[in-house]
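Visitor: Listed below, chain by chain, are the residues.
Protein chains: 2
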Amino acid sequence: MRTNTITQPTLVLDEHRCLANILRMRDKAKQQNVQLRPHFKTHQSLTVGNWFREAGTDRITVSSVGMAFYFAEDGWDDITIAFPVNVLQVDEIAELAAKVKLGLVLVDDSPIDALGKKLEHEVSIWIKIDVGTHRTGLAPDQTNEIDKILDQLKKYPELHFAGFIGHAGHSYQAKSVTEVQRTYDVSLSILLDLKKKYLNTYPGIQISLGDTPASSMVSNFGPIDELRPGNYVFYDLMQEEIGSCSMNDIAVAMACPVVAVHPDRKQWIIYGGGIHFSKDFLLLADGRKCFGRMVNQNAAGWSVDNVQQNPMLISLSQEHGIVQCDDHNFNQCKPGDLTFWLPVHSCLTADVMGAYVTTHDLAIDHYRQRLNR
Amino acid sequence: MRTNTITQPTLVLDEHRCLANILRMRDKAKQQNVQLRPHFKTHQSLTVGNWFREAGTDRITVSSVGMAFYFAEDGWDDITIAFPVNVLQVDEIAELAAKVKLGLVLVDDSPIDALGKKLEHEVSIWIKIDVGTHRTGLAPDQTNEIDKILDQLKKYPELHFAGFIGHAGHSYQAKSVTEVQRTYDVSLSILLDLKKKYLNTYPGIQISLGDTPASSMVSNFGPIDELRPGNYVFYDLMQEEIGSCSMNDIAVAMACPVVAVHPDRKQWIIYGGGIHFSKDFLLLADGRKCFGRMVNQNAAGWSVDNVQQNPMLISLSQEHGIVQCDDHNFNQCKPGDLTFWLPVHSCLTADVMGAYVTTHDLAIDHYRQRLNR
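Line by line, the protein sequences are chains A and B.
Counting along the first sequence from 1, when you hit position 212 you're at 232 in my numbering, and nothing is skipped either side.
Counting along the second sequence from 1, when you hit position 148 you're at 168 in my numbering, and nothing is skipped either side.
It cannot be assumed that every hint is accurate.
The list treats identical chains as one, so a pair stands whether inside a single copy or across any two.
[Claimed, not checked] Below are the BS3-like pairs computed for lysine-lysine, each with C-alpha atoms no more than 27 Å apart in a straight line:
#1 Lys138 <-> Lys354
#2 Lys286 <-> Lys137
#3 Lys354 <-> Lys168
#4 Lys174 <-> Lys354
No lab work stands behind these hints: they were computed from the structure.
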């Protein structure tokens, strides 16, 4: 790639690594006969979306109504918004339902009347079940609440009950493949029990799960109908720590100029701060924070050889990044050099950057570039 | 204000509070005969910039070359980029120097030849001194390095030495007005010593400091030439904790719909996550994290009455915010209600939101809306 055109913090996307991630997950799901509905909130890019399309993806997940419009306008016609229905957006939801096969998520019955009265086209309604993350969703034993939702749905023929949806976000706290497997097994068993309970009354209902750690690490998905992982398109240091990927699978890196060096404390200052990386960090065993790990730039993009021996990004302010070196690697860079950094949380880094340059030197789109989000 | 048009996370800007902040700092600086060069990286808005202009501001600080262009195109003609010169952007810097009276910051002599050979118009060169923050800048006793920079500058008549610049970022760790005052006094004395040392050789050189805690809390600025605070235009919970402002001075709030409630754990889930607030947080004395504090919506915008008794934002994921309530306030909201939140770090919240709606219902600009940053 040509890096001499990069003069300020830039998010570089490695097409080869990204495509390998897309294909690996596709093949794994296909092999196990599980529908994949990848979450597009990580990349938020029509171009990357097209790479999925070329790999056979025909249904997607997004996290907002605006993002659903963004992809709908590019021809995606089967979209689930994996976020509790925000009743204030019912007009936009109705507009969207006229364009695409739309999936919506309910956590209670409160938006049903507003939806039912507004919608003129059928939508799929997923009931969100809390499989252990304790963020949103009904507890598996709240069948009274589930029945209340199902009763309300009967009033509106456009609101088609599609099944139960879960997100095992607590797999991000897992420390081993065994723990991720256990989280997945529990989540699956919760959704399976509900499916069995309601299948006679609602034939054809499905169950859907979708975190990247489980989708990457679990070897047997079992009788799940649909998986919705998203982060795997890029992966990041957080996923590497969990064990979802290797350093070499991470498909995005921030390119940042060095603007100062401090021999006394063996630090570099890079142009690249919280507005470029986001402020998510890994807390290391030694108590330090890691905001990014340096990789070695090469003709194709970057290599992860000896990444553990490279300097580490230990602090971010708005535009500055502080890099801790040691005696061995401090002299690798001087002001004016470009450095490459694997991000801690690629979803947020891509979101704050709002643009990519590929390792083939193409500037590509991100949803944030749309002014009216 | 009309809140019925707000359907998704929206950054609301209170014009009255904002203008009061602008005027209070202007009057304080004027009274003490100190030049104010407000930092525009917090608001990044031409509209807010105009409020400064109407209040008499004629010189500004920004944090990037792109941001300097943004404001230059709106007629600002005296701009300091308070970030170490990134030599990779020397072409853009030269272009900018042709348009405005430009101030640049050097932390070493490495960019001087590139600048000197490229620039066709005079720029002001500030030497950055580390007044104790240990992020960038020369230590006050590195006079050899200072002399090396000054010697190099002599080669290029366009590079005019303007003086010494510092940023006491460590005042953000201060716990009391006494600590902030002490930090300010030390910073001022460091810059003053350098000014005295070099004033004979470089008559007219100035010294410039600029953090919001000191600018807000220090009663006597002493013989400083220029102050460059930025955050005070909005303030935020971090500044309130330091003591720079009261809750009622904070001029921005995130408006977020409630999308779920959990009576069992007395929590609400709001539509509003890391991509809306940013991930900065306050670590409270009880070990909890605070990502935002709820204020009470009213006809004019919001009131901070009883803010300490209101629910608190304790966790953020990409789009979800988890709000902790207690028995007393849990029933205040239901799904579909709009809630208002004071942000922890307004610079980053404004940056990730990239747009404002004022309490007078005007949608106004932010630099992020420019596609080609």
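Visitor: So, against the hints stated earlier in the document, which numbers end up violated here?
Guide: Structure breaks hint 2 only.
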